[in-house]
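Make a model of the complete structure from these sequences and hints.
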Amino acid sequence: MTAYTASPSEHTDEHYLAMDLLRFTTAGSVDDGKSTLIGRLLYDSKAIFEDTLENLERVTEQRGEETLNLALLTDGLRAEREQGITIDVAYRYFATPKRKFIIADTPGHIQYTRNMVTGASTANLAIILIDARKGVIEQTCRHSFIASLIGIPHVVVAVNKMDLVDFSEARFQEIVAQYSEFASRLNIPDIKFIPISALHGDNVVENSARTPWYKGGSLLYTLETVYIGSDLNHIDPRFSIQTVIRPNNDAHHDFRGFAGRVAGGVFKPGDDIISLPSGLPAVIKSIHGPEGELAEAFAPMSVAITLDREIDSSRGDLFAKPHNQPAVTQDVEAMVCWFAPAKLNPSGKYILRHATRETKCAIKAVRYKVNINTLHKNTEDLTIGMNDIGRIHVRTAVPLMIDPYKRNRTTGSFILIDEFTNETVGAGMILWPDGSERSPAEQFADMGGL
Amino acid sequence: MSSYNLTHLAQLEHEAIFVLREVAAQFERPALLFSGGKDSIVMARLAQKAFAPAKLPFPLVHVDTGHNFSEAIEYRDWFAEDVGARLIVRYVADSIKAGRCQEEKGPNPSRNGLQTVTLLDTIEEFKFDACLGGARRDEEKARAKERFFSHRDEFGQWDPKNQRPELWNLFNGRKNQGEHFRVFPLSNWTEMDVWQYIAREKLKIPSIYFSHQRRIVNRNGVLLAESPYITLLDGERYEERTVRYRTVGDSTCTGAVESPASTMAEIIQEVASARVTERGTRADDKRSESAMEDRKKAGYF
Ligand SMILES: Nc1nc2c(ncn2[C@@H]2O[C@H](COP(=O)(O)OP(=O)(O)OP(=O)(O)O)[C@@H](O)[C@H]2O)c(=O)[nH]1
Ligand SMILES: [Mg+2]
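These protein sequence lines are chains A and B, in that order.
Every letter in the first sequence is one number past the one before it in our numbering, and letter 209, counting from 1, is 209.
One gets our numbering by counting positions in the second sequence from 1 and adding 1000 to each.
Treat the hints with care, since some could be wrong.
Said to hold, decoys possible - What follows is a set of in silico ranges between Cβ atoms, one per label pair, in the way DEER data are often shown:
{"id": "1", "chain 1": "B", "residue 1": "GLN1177", "chain 2": "A", "residue 2": "SER347", "range": "51 to 61 Å"}
{"id": "2", "chain 1": "B", "residue 1": "GLU1236", "chain 2": "A", "residue 2": "ASP231", "range": "49 to 59 Å"}
{"id": "3", "chain 1": "B", "residue 1": "ARG1100", "chain 2": "A", "residue 2": "THR421", "range": "27 to 37 Å"}
{"id": "4", "chain 1": "B", "residue 1": "ASN1220", "chain 2": "A", "residue 2": "TYR227", "range": "44 to 54 Å"}
{"id": "5", "chain 1": "A", "residue 1": "ALA397", "chain 2": "B", "residue 2": "LYS1127", "range": "26 to 36 Å"}
{"id": "6", "chain 1": "A", "residue 1": "ARG63", "chain 2": "B", "residue 2": "ARG1237", "range": "34 to 44 Å"}
{"id": "7", "chain 1": "A", "residue 1": "SER314", "chain 2": "B", "residue 2": "PRO1228", "range": "45 to 55 Å"}
{"id": "8", "chain 1": "B", "residue 1": "GLN1177", "chain 2": "A", "residue 2": "GLN83", "range": "50 to 60 Å"}
{"id": "9", "chain 1": "A", "residue 1": "HIS234", "chain 2": "B", "residue 2": "ARG1100", "range": "50 to 60 Å"}
{"id": "10", "chain 1": "A", "residue 1": "HIS15", "chain 2": "B", "residue 2": "GLU1081", "range": "33 to 43 Å"}
{"id": "11", "chain 1": "A", "residue 1": "GLU14", "chain 2": "B", "residue 2": "SER1288", "range": "41 to 51 Å"}
{"id": "12", "chain 1": "A", "residue 1": "VAL59", "chain 2": "B", "residue 2": "ARG1237", "range": "27 to 37 Å"}
Claimed, not checked - Think about it this way: if two alpha-carbon atoms lie no more than 27 Å apart in a straight line, the pair counts; the simulated DSSO-like pairs of lysine-lysine are:
{"id": "13", "chain 1": "B", "residue 1": "LYS1097", "chain 2": "B", "residue 2": "LYS1297"}
{"id": "14", "chain 1": "A", "residue 1": "LYS349", "chain 2": "B", "residue 2": "LYS1175"}
{"id": "15", "chain 1": "B", "residue 1": "LYS1049", "chain 2": "A", "residue 2": "LYS100"}
{"id": "16", "chain 1": "A", "residue 1": "LYS349", "chain 2": "A", "residue 2": "LYS321"}
{"id": "17", "chain 1": "A", "residue 1": "LYS360", "chain 2": "A", "residue 2": "LYS343"}
{"id": "18", "chain 1": "B", "residue 1": "LYS1055", "chain 2": "B", "residue 2": "LYS1202"}
{"id": "19", "chain 1": "B", "residue 1": "LYS1297", "chain 2": "B", "residue 2": "LYS1161"}
{"id": "20", "chain 1": "B", "residue 1": "LYS1161", "chain 2": "B", "residue 2": "LYS1049"}
{"id": "21", "chain 1": "A", "residue 1": "LYS360", "chain 2": "B", "residue 2": "LYS1175"}
{"id": "22", "chain 1": "A", "residue 1": "LYS100", "chain 2": "A", "residue 2": "LYS46"}
{"id": "23", "chain 1": "B", "residue 1": "LYS1055", "chain 2": "B", "residue 2": "LYS1204"}
{"id": "24", "chain 1": "A", "residue 1": "LYS134", "chain 2": "A", "residue 2": "LYS192"}
{"id": "25", "chain 1": "B", "residue 1": "LYS1297", "chain 2": "B", "residue 2": "LYS1175"}
{"id": "26", "chain 1": "B", "residue 1": "LYS1161", "chain 2": "A", "residue 2": "LYS343"}
{"id": "27", "chain 1": "A", "residue 1": "LYS343", "chain 2": "B", "residue 2": "LYS1105"}
{"id": "28", "chain 1": "A", "residue 1": "LYS321", "chain 2": "A", "residue 2": "LYS285"}
{"id": "29", "chain 1": "B", "residue 1": "LYS1049", "chain 2": "A", "residue 2": "LYS268"}
{"id": "30", "chain 1": "B", "residue 1": "LYS1297", "chain 2": "B", "residue 2": "LYS1105"}
{"id": "31", "chain 1": "A", "residue 1": "LYS215", "chain 2": "A", "residue 2": "LYS321"}
{"id": "32", "chain 1": "A", "residue 1": "LYS215", "chain 2": "A", "residue 2": "LYS192"}
{"id": "33", "chain 1": "A", "residue 1": "LYS268", "chain 2": "B", "residue 2": "LYS1055"}
{"id": "34", "chain 1": "A", "residue 1": "LYS285", "chain 2": "A", "residue 2": "LYS268"}
{"id": "35", "chain 1": "B", "residue 1": "LYS1202", "chain 2": "A", "residue 2": "LYS100"}
{"id": "36", "chain 1": "A", "residue 1": "LYS406", "chain 2": "A", "residue 2": "LYS364"}
{"id": "37", "chain 1": "B", "residue 1": "LYS1055", "chain 2": "A", "residue 2": "LYS285"}
{"id": "38", "chain 1": "A", "residue 1": "LYS349", "chain 2": "A", "residue 2": "LYS360"}
{"id": "39", "chain 1": "A", "residue 1": "LYS285", "chain 2": "B", "residue 2": "LYS1049"}
{"id": "40", "chain 1": "B", "residue 1": "LYS1127", "chain 2": "B", "residue 2": "LYS1097"}
Treat the hints as calculated values from the structure; they're not laboratory data.
Values in this document were obtained by computation on a predicted structure and should not be read as measured data.
C-beta atoms are modelled at their ideal positions from N, C-alpha and C, and glycine is treated no differently.
Here it is, written out as structure tokens:
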């Protein structure tokens, strides 16, 4: 037969496979130039295919615009092109000889904050754009706060449209000071500032002659060299069961594999585990990965685990180790970012999805709402509306196995779903139990840190 | 001491397996859309791994336009047999016969858009609540906007202006009666990743991906294969060329590329130095600026 005679050779490109990966997102207010910047970055690093470029030229011309509209590279929807704004995240993929990149270009418009959070939730680095004429505005603050809450470790503040302020060093320094003052209240370990013009390409791929006073690297250089520490937890063993694999055939009659993705720590055959919430102990017999049996499994590997005995565990349960367990609780204290046009109902019921578990929950308290501009905690006005961020206490119908978000992004996060519309209405980042003995009420009293 | 690092290809593999398992767990009647093209081959391979040593927990579904390349169809049947999966095929020709849609007119009538009708009817017939697709975000600008779990209303429509937020790896597959999801486990894969994976896994693929001799006609820069469904226009003629395909869709709208690449290593070389996108060979995308978005809104793959 000729249809599938071709046999692939052994060839795989070692260099390509060994390259590391940086996932980054754009952020900042509407029209600050995020999409233009991504277009410029791809264009100047010659990462745009010829047909895409021809298309871009044609569309730019049809629109009667004089310079190549680089924002159209990511603003691909008809509605986006009509309005000249980004509505939903666009993902772009590109590689330089040094690194592979996944870019999420997100919308700046406040109405689409939920899409910005979508793009940011999986990023290791955020480029926050600021229009040099406008300086730090509310949306800059909101996005920076979200980036900090989500735990993005690296932020590059790109002060854009420098061409419109005559590449003034004074103006740049003014904005650096303004942003630094605001960011001192955030939890972002690494912040860099770069003066750029996305439209003209200054300091995007090459350093610009028009900013001789700027001694740092170009944006691309920064992206290529920033240290990518893993945000994965390799200390606390956590494994949420997605599904149970039972082949029901003669060859694998007794096989019962708990399938899931390692969310933290390391699991090895022979390890003692404990299944939660039941508390039943067992010993790992074998671990099966995509390439066969494994001597160890760590985050973010998808594996199937078999045990030495039959225990009653299924989707939503979690394996940990006897000496290192998450909190098993129905009470969760969390920061929530609200997406729905309908306000959070302070005595309402929602569906909560945490790891592989889904349960009903009730909002027990709204502790405070965060004032986005000042980061002050407002305990007077507790209405959490669309795009607001606040601290809540939820009680779930069944126990959850949780860690603080700062310790583990997978066992520390959840989403809230509206029971009737099935829409995702909120994103939660768990604060407590955080291993400390202080109850949420006590912690709340001293308002210690977000 | 191990360093707990995974190559990015391994990261993509683990991510896709996670998504496939979420589909099996969250839905009652999922299906895997399988065309015999490289992306669906990779997706099916990942599904095998996700549920091994059990069999695939969902059927393979193919919407046959009648204009498919015979190599892809042969491959499809062989593959289903080889993995022991149930294969469901539904035909655009039957939808036309039943008056559900109409054949296009013109010199290369495409059944590409008509597939949507047959696909939605098939989803209805089997009450599928999730369809796994091999689409990738790097393929096209509308696809660049897709979620992993992409909601479709009761008419099968995509609403790109109003997608559900998708945080971390928490996929919300809840829906109302009659609605369904399209799920894309390969969202973050590039064309190069797919080829690297095919090479790593030593997957068999249809022969049309490798260089071969074929009679083609050059129509507006798209090299279309000789077929009974194409009518030559004035001044057009078929010529024999050395070609291969980068993407496999309908023969009436998928163009070949001239290429001597006949081994996996040569294909990877070619992909690495390619100057045009893989869908640059697709006449269906060239019909208008938002051709893909419009088709997707209507319920296309
Ligand atoms: N003069 C000047 N104009 C710029 C620069 N960067 C972007 N612009 C212009 O600013 C406008 C908005 O640019 P976009 O890239 O669409 O802005 P955005 O941040 O992506 O906007 P949203 O995605 O809708 O939030 C466009 O008209 C750009 O041409 C710059 O460096 N200098
Ligand atoms: Mg934009």
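Hint check:
| no. | hint | result |
| --- | --- | --- |
| 1 | B/GLN1177 to A/SER347: 51 to 61 Å | violated, 28 Å |
| 2 | B/GLU1236 to A/ASP231: 49 to 59 Å | holds, 56 Å |
| 3 | B/ARG1100 to A/THR421: 27 to 37 Å | holds, 31 Å |
| 4 | B/ASN1220 to A/TYR227: 44 to 54 Å | holds, 48 Å |
| 5 | A/ALA397 to B/LYS1127: 26 to 36 Å | holds, 29 Å |
| 6 | A/ARG63 to B/ARG1237: 34 to 44 Å | holds, 38 Å |
| 7 | A/SER314 to B/PRO1228: 45 to 55 Å | holds, 54 Å |
| 8 | B/GLN1177 to A/GLN83: 50 to 60 Å | violated, 34 Å |
| 9 | A/HIS234 to B/ARG1100: 50 to 60 Å | holds, 54 Å |
| 10 | A/HIS15 to B/GLU1081: 33 to 43 Å | holds, 38 Å |
| 11 | A/GLU14 to B/SER1288: 41 to 51 Å | holds, 42 Å |
| 12 | A/VAL59 to B/ARG1237: 27 to 37 Å | holds, 33 Å |
| 13 | B/LYS1097 to B/LYS1297 | holds, 25 Å |
| 14 | A/LYS349 to B/LYS1175 | holds, 18 Å |
| 15 | B/LYS1049 to A/LYS100 | holds, 26 Å |
| 16 | A/LYS349 to A/LYS321 | violated, 33 Å |
| 17 | A/LYS360 to A/LYS343 | holds, 18 Å |
| 18 | B/LYS1055 to B/LYS1202 | holds, 20 Å |
| 19 | B/LYS1297 to B/LYS1161 | holds, 10 Å |
| 20 | B/LYS1161 to B/LYS1049 | violated, 35 Å |
| 21 | A/LYS360 to B/LYS1175 | holds, 16 Å |
| 22 | A/LYS100 to A/LYS46 | holds, 14 Å |
| 23 | B/LYS1055 to B/LYS1204 | holds, 19 Å |
| 24 | A/LYS134 to A/LYS192 | holds, 19 Å |
| 25 | B/LYS1297 to B/LYS1175 | holds, 18 Å |
| 26 | B/LYS1161 to A/LYS343 | holds, 21 Å |
| 27 | A/LYS343 to B/LYS1105 | violated, 52 Å |
| 28 | A/LYS321 to A/LYS285 | holds, 15 Å |
| 29 | B/LYS1049 to A/LYS268 | holds, 20 Å |
| 30 | B/LYS1297 to B/LYS1105 | holds, 23 Å |
| 31 | A/LYS215 to A/LYS321 | violated, 50 Å |
| 32 | A/LYS215 to A/LYS192 | holds, 12 Å |
| 33 | A/LYS268 to B/LYS1055 | holds, 26 Å |
| 34 | A/LYS285 to A/LYS268 | holds, 9 Å |
| 35 | B/LYS1202 to A/LYS100 | holds, 24 Å |
| 36 | A/LYS406 to A/LYS364 | holds, 23 Å |
| 37 | B/LYS1055 to A/LYS285 | holds, 22 Å |
| 38 | A/LYS349 to A/LYS360 | holds, 7 Å |
| 39 | A/LYS285 to B/LYS1049 | holds, 19 Å |
| 40 | B/LYS1127 to B/LYS1097 | holds, 22 Å |
Hint compliance for this structure: hints 1, 8, 16, 20, 27, 31 are broken, all remaining hints hold.
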